[in-house]
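Kindly generate the complete structure, drawing on both the sequences and the hints.
Chain order of the listed sequences is A and B. Residue numbering for the first sequence is 424 to 538, as defined by our numbering. Residue numbering for the second sequence is 86 to 198, as defined by our numbering.
If you're looking for bench data, these hints aren't it; they were derived computationally from the structure. The model shown is predicted, which means the values in this text are computed figures rather than measured ones. Some clues are possibly wrong.
Unchecked claim - Okay, the calculated beta carbon distance ranges per label pair: (1) B:S146 <-> A:Q535: 33 to 39 Å; (2) B:G113 <-> A:Q470: 34 to 40 Å; (3) A:A454 <-> B:T164: 37 to 43 Å; (4) B:G113 <-> A:Q501: 32 to 38 Å.
Even for Gly, the Cβ is constructed at its ideal location relative to N, Cα and C.
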Amino acid sequence: GDSVTQTEGPVTVSESESLIINCTYSATSIAYPNLFWYVRYPGEGLQLLLKVITAGQKGSSRGFEATYNKETTSFHLQKASVQESDSAVYYCALGSSSNTNKVVFGTGTRLQVLP
Amino acid sequence: DPKIIQKPKYLVAVTGSEKILICEQYLGHNAMYWYRQSAKKPLEFMFSYSYQKLMDNQTASSRFQPQSSKKNHLDLQITALKPDDSATYFCASSQDLNQDTQYFGPGTRLLVL
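Structural data, given as structure tokens:
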């Protein structure tokens, strides 16, 4: 079946440092899945951070970027300079079916940004 | 204002009992979903509904029964509760299927003793 593997947390970085959270996927049920990064801030619900639906394209939001790489089946999340407010759990996910819209999630990566 | 409401926020139940988790969305969406997240596991897809019709059921047990009384409601009834059912249950919705972006509710954390 479809699956998503991402950096195991927790990841700790200092404010203003760069960040990369790795994500690779395996999609057997759909040739070109949509790819997502969701984020859960402390005390809040899961919310969409960014979405890319076309291979080769880059998505960006709140200073975060991720590029849909079909050759390496990767969708790594990057930020050049993190802030303390970026501390959260980040989930990589793929859209597994266009008929039922099932989304397959990774296990999540907890990010702690130190002041 | 919250666009997807889940009630209750926390729920404690005894083994063998039955509970209903409530979900209402005010986004005008046509598709709704349930996911579950157990400790140290990824969110796991359970059901998808479109226009109040079941489109996909990925749960192995019939103890989990979604109920849709209105287009913007998708409740989850769980019968004969087991400790392994302890998890956070998330409701989500999207405009339609076809890989539309899903928006999630805050979740109901269920603990079965």
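Here's how the hints hold up against the structure:
1. For the hinted restraint 33 to 39 Å between B:S146 and A:Q535, the CB-CB distance of approximately 36 Å keeps it satisfied.
2. Between B:G113 and A:Q470 the C-beta distance comes to about 18 Å, which lies outside the given range of 34 to 40 Å.
3. A:A454 and B:T164 have their C-beta atoms about 39 Å apart, which keeps the hinted 37 to 43 Å range intact.
4. At about 34 Å, the CB distance of B:G113 to A:Q501 agrees with the hint of 32 to 38 Å.
Going down the numbered hints, you'll see the structure goes against just number 2.
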